[in-house]
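Colleague: These are the residues of each chain, in order.
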Amino acid sequence: MKTLLRSQELTCPSCVAKIEKALKSLDGVQEAKVHFNTGRIEVEHDVQDASDEDLVKAVRSAGYEAHVSAF
Amino acid sequence: MQKIRIWLSNPRERRKGMVILSGALILGGLAAGQFFNLQGLRSLLMTLAAVTAGWDIALRAWNGLRTRYISIELLVTIAASGALLIGEYWEAAAVTFLFILGAYLEARTLSQTRKVLQQLLELAPSTAIVLRDGRQVEVMPHEVQHAETVLVKPGAKVPVDGQVIEGRSAIDESAITGEPMPEVKVQGSSVFAGTINQNGLLHVRATGVGADTTLARIIRRVEEAQEEKAPTQRFIERFSRWYTPAIIGLSGLVFLLTRDVELSLTLLVIGCPGALVISTPVSVVAGIGRAAKSGILIKGGEYLENAGKISAIALDKTGTLTQGKPRLTDVIVLESAALSLPAAVRGSNSLLKEKLAPRAEWTEEQQDLLWWAAIAEAGSEHPLAVPILDAAEPLTQKDPLPTADEFEAFTGKGVRAHCQGSEILVGSQTFMAEMEVLLGEAVLERLARLKEDGKTAVVVARDGMATGVLGISDPMRSAAPQVIERLRKMGIERIAMLTGDDPTTANAIAREAGIEEVYAGLLPEEKLDVIRQLQDQGHVVAMTGDGINDAPALAAADIGVAMGAAGTDIAIETADIALMADDLNKIPEAIHISKATLKNIRQNVAIALATVSALLIGVLLGEVHMAGGMLVHEASVLVVILNGMRLLRA
Chain A
1 MKTLLRSQEL TCPSCVAKIE KALKSLDGVQ EAKVHFNTGR IEVEHDVQDA
51 SDEDLVKAVR SAGYEAHVSA F
Chain B
1 MQKIRIWLSN PRERRKGMVI LSGALILGGL AAGQFFNLQG LRSLLMTLAA
51 VTAGWDIALR AWNGLRTRYI SIELLVTIAA SGALLIGEYW EAAAVTFLFI
101 LGAYLEARTL SQTRKVLQQL LELAPSTAIV LRDGRQVEVM PHEVQHAETV
151 LVKPGAKVPV DGQVIEGRSA IDESAITGEP MPEVKVQGSS VFAGTINQNG
201 LLHVRATGVG ADTTLARIIR RVEEAQEEKA PTQRFIERFS RWYTPAIIGL
251 SGLVFLLTRD VELSLTLLVI GCPGALVIST PVSVVAGIGR AAKSGILIKG
301 GEYLENAGKI SAIALDKTGT LTQGKPRLTD VIVLESAALS LPAAVRGSNS
351 LLKEKLAPRA EWTEEQQDLL WWAAIAEAGS EHPLAVPILD AAEPLTQKDP
401 LPTADEFEAF TGKGVRAHCQ GSEILVGSQT FMAEMEVLLG EAVLERLARL
451 KEDGKTAVVV ARDGMATGVL GISDPMRSAA PQVIERLRKM GIERIAMLTG
501 DDPTTANAIA REAGIEEVYA GLLPEEKLDV IRQLQDQGHV VAMTGDGIND
551 APALAAADIG VAMGAAGTDI AIETADIALM ADDLNKIPEA IHISKATLKN
601 IRQNVAIALA TVSALLIGVL LGEVHMAGGM LVHEASVLVV ILNGMRLLRA
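Residue numbers (this note's numbering), protein chains in the order written: chain A, 1 to 71; chain B, 1 to 650.
Be aware that one or more of the hints could be misleading.
What the hints assert, rightly or not - Capping the alpha-carbon separation at 35 Å, the derived lysine-lysine pairs in DSBU-like fashion look like this:
{"hint": "1", "chain 1": "A", "residue 1": "K2", "chain 2": "B", "residue 2": "K16"}
{"hint": "2", "chain 1": "B", "residue 1": "K153", "chain 2": "A", "residue 2": "K33"}
{"hint": "3", "chain 1": "B", "residue 1": "K325", "chain 2": "A", "residue 2": "K21"}
{"hint": "4", "chain 1": "B", "residue 1": "K16", "chain 2": "A", "residue 2": "K21"}
{"hint": "5", "chain 1": "A", "residue 1": "K2", "chain 2": "B", "residue 2": "K325"}
{"hint": "6", "chain 1": "B", "residue 1": "K293", "chain 2": "A", "residue 2": "K33"}
{"hint": "7", "chain 1": "B", "residue 1": "K325", "chain 2": "B", "residue 2": "K16"}
{"hint": "8", "chain 1": "B", "residue 1": "K293", "chain 2": "B", "residue 2": "K599"}
{"hint": "9", "chain 1": "A", "residue 1": "K24", "chain 2": "A", "residue 2": "K2"}
{"hint": "10", "chain 1": "A", "residue 1": "K33", "chain 2": "B", "residue 2": "K489"}
{"hint": "11", "chain 1": "A", "residue 1": "K24", "chain 2": "B", "residue 2": "K309"}
{"hint": "12", "chain 1": "B", "residue 1": "K595", "chain 2": "A", "residue 2": "K24"}
{"hint": "13", "chain 1": "B", "residue 1": "K325", "chain 2": "A", "residue 2": "K57"}
{"hint": "14", "chain 1": "A", "residue 1": "K2", "chain 2": "B", "residue 2": "K153"}
{"hint": "15", "chain 1": "A", "residue 1": "K57", "chain 2": "B", "residue 2": "K115"}
{"hint": "16", "chain 1": "B", "residue 1": "K115", "chain 2": "B", "residue 2": "K398"}
{"hint": "17", "chain 1": "B", "residue 1": "K489", "chain 2": "A", "residue 2": "K2"}
{"hint": "18", "chain 1": "A", "residue 1": "K33", "chain 2": "B", "residue 2": "K309"}
{"hint": "19", "chain 1": "A", "residue 1": "K33", "chain 2": "B", "residue 2": "K16"}
{"hint": "20", "chain 1": "A", "residue 1": "K33", "chain 2": "B", "residue 2": "K595"}
{"hint": "21", "chain 1": "B", "residue 1": "K325", "chain 2": "B", "residue 2": "K309"}
{"hint": "22", "chain 1": "B", "residue 1": "K293", "chain 2": "A", "residue 2": "K57"}
By construction, these hints were calculated from the structure, which means they are not laboratory data.
The model shown is predicted, which means the values in this text are computed figures rather than measured ones.
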């Protein structure tokens, strides 16, 4: 399924690759795309293996705060 | 303990705490050195400050390296560690502190520029009341079923897109169209999710729910637009990918040449491309957000940059300069049998029976004429078919129209139909000539007079004989003259009106609007040619239109602008600029915002480049040191963001 995260913390485009890598290295995440301009993070994942909470944690481990967003 | 762990696990809170802590340590260190002359304590506190602030930077730098990305954080980490190693504790503390303070402030101000989207997200309704088996049930908006009846109470948000089936109320649609005046909705009106019902109770039949609403489409559109990188941004990002490693290389080279550790570390600090990489996105996000607030959807950074360069604009007449709601105003019956006789013999006055009257009072002959015209137009998709069919509606209610046996449309000219053994032709003067229908002098004079009034004149002929003339009026929008004036003042060099209509009719409207360049009698593909012609003359061309007729020209123009896009999904998805409101004033506003954004991008790139060059020279002259360099650098990033934010008020 697809989950949307939002972060208000992206201040330079180098953040993008880091967060994408952190998310993709999780089991159960197939695809992750970070949009720098809006701070939107799209994640394609298996809820069984990687919960929304795991996604937020992964972004945190890369050094950024994010939250799950319905839109 | 638990609390601290939670606090540490939230990067934003942690960073805020680190800014404060390292700031306090630095102050302590300065005090220790200044007032108590305890140099050992000063160094210790400074080192602690550098480690506190640098921890987070190093973590990000490491994460970057793991993805093989040489980040700005890496530059700072090397510089700060180097400074600690050579005993420059104050420099190390200052550089790391300023960097995280800067990052914190940048995140806060940047989120301001992203705020417009946040506001749109907040518009999303949170509950809906539906009628199920006669009962009111409260559900989530996305749980409403298609075609279910939704109750919208006064003061509540409309939860879905739909059609009013009962009730009457004023609705504040500013969220969608940017128009501050509420719209009165009655049975049959369309309503949009996210708009606010002001006074009445409405029953609405849901036609679009959740992601399938205009609001959701706008949000998606704005977001995609902001994410789509402008050409300048793409260029800068490519540039910074090799720029950052190059700075590391340069700093190493400088060390080898001069053996001056501090100089090479300072180069690392001031070489950060921070302001440059953020210069374009910050303007684009703010500009697109600002436009969205006024109901102007711009497809992306590239279109924003292009729209800022517009030097020529082509406006479609019908629906853009005019209200686009043509009405049949004149029904002139010709005594066709008499037409073959010279006008002089019969006397021109008795030749024509005409009456300007409301439709209910049309004479039997006029009704008969309308009847035949309607049969032919019933199969036509031309915009002018609508007023003819509308006018004929009272007649067809008693007596349904027979279907034509055969029908043929001549694009931009007219229609031919066969019915009940008669051949009916409805079309322009030129069409009649092509069909070899003879038009007498008095008829031509009638046609000319209608056209001079800015009306579209259509001839109706039966079995090769002209039987009547229809006058259709589509009044100019009252805002047109001021809008044209404003466009001209904004430096748009060429303003042209394009229309498939007759030159005389077109010129009458153009004169009223203040447009000198008129291309009339155009077929859809000829509109395209006019656009190409303007482009060949070196202009960046915008084309404004609405109908299917304009599609090729809209696509060929550098910027295609669709008006009144609320409710027409295709326009929202495809137009380069979609104006949600049906308001001509939004055209200059959209161009104004684009021009302001383009200027803003250029200013930001200039600020960023000037700062880096000034710092570089300063360093090479030995005037700028690490802490000072970092201060100026972070200040320049903030200036760039603040400059971008100005656009929100443009």
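Colleague: If a hint holds in the structure, say so; if it doesn't, say that too.
Modeller: Now the hints, each set against the structure:
1. Of the pairs offered as hints, the one joining A:K2 and B:K16 holds, with about 31 Å between alpha carbons and a cut-off of 35 Å not exceeded.
2. The hinted pair formed by B:K153 and A:K33 fails the criterion: a straight-line CA distance of about 40 Å is larger than 35 Å.
3. Distance restraint check for B:K325 and A:K21: the Cα-Cα separation of roughly 55 Å exceeds the 35 Å cut-off, and the hinted pair is therefore not satisfied.
4. Taking the CA atoms of B:K16 and A:K21, the gap is about 25 Å. The hint holds against a cut of 35 Å.
5. For a cut-off of 35 Å, the pair hint linking A:K2 to B:K325 is broken: about 44 Å separates their Cα positions.
6. The hinted pair formed by B:K293 and A:K33 meets the criterion: a straight-line CA distance of about 27 Å does not exceed 35 Å.
7. Distance check on the hinted pair: B:K325 and B:K16 sit about 59 Å apart at the alpha-carbon level, beyond 35 Å; violated.
8. Only pairs whose Cα atoms come within 35 Å are accepted, and B:K293 paired with B:K599 is accepted, the gap being roughly 20 Å.
9. For the given pair, A:K24 sits about 14 Å from A:K2 by alpha-carbon distance, which is consistent with the 35 Å threshold.
10. Only pairs whose Cα atoms come within 35 Å are accepted, and A:K33 paired with B:K489 is rejected, the gap being roughly 43 Å.
11. Pair hint A:K24 plus B:K309 does not hold up; C-alpha atoms about 40 Å apart against a cutoff of 35 Å.
12. With a C-alpha separation of about 40 Å, the suggested pairing of B:K595 with A:K24 is violated against the 35 Å cut-off.
13. For the hint pairing B:K325 with A:K57, the CA-to-CA distance comes to about 57 Å; that exceeds 35 Å, so the pair is violated.
14. Restraint check for A:K2 and B:K153: satisfied, since their Cα atoms lie roughly 34 Å apart, inside the 35 Å limit.
15. Proximity of A:K57 to B:K115 is assessed by CA-CA distance (about 25 Å); at most 35 Å being required, the pair is judged to hold.
16. Between B:K115 and B:K398 the alpha-carbon distance is near 57 Å, which puts this suggested pair outside the 35 Å criterion.
17. At most 35 Å may separate the alpha-carbon atoms for a hinted pair to count; B:K489 and A:K2 exceed this at roughly 48 Å.
18. At roughly 32 Å between alpha-carbon atoms, A:K33 and B:K309 fall within 35 Å of each other, so this suggested pair holds.
19. Proximity of A:K33 to B:K16 is assessed by CA-CA distance (about 27 Å); at most 35 Å being required, the pair is judged to hold.
20. Taking the CA atoms of A:K33 and B:K595, the gap is about 31 Å. The hint holds against a cut of 35 Å.
21. With a C-alpha separation of about 32 Å, the suggested pair B:K325 and B:K309 falls inside the 35 Å cut-off, and the hint holds.
22. The suggested pairing of B:K293 with A:K57 holds, with an alpha-carbon distance near 34 Å, which does not exceed 35 Å.
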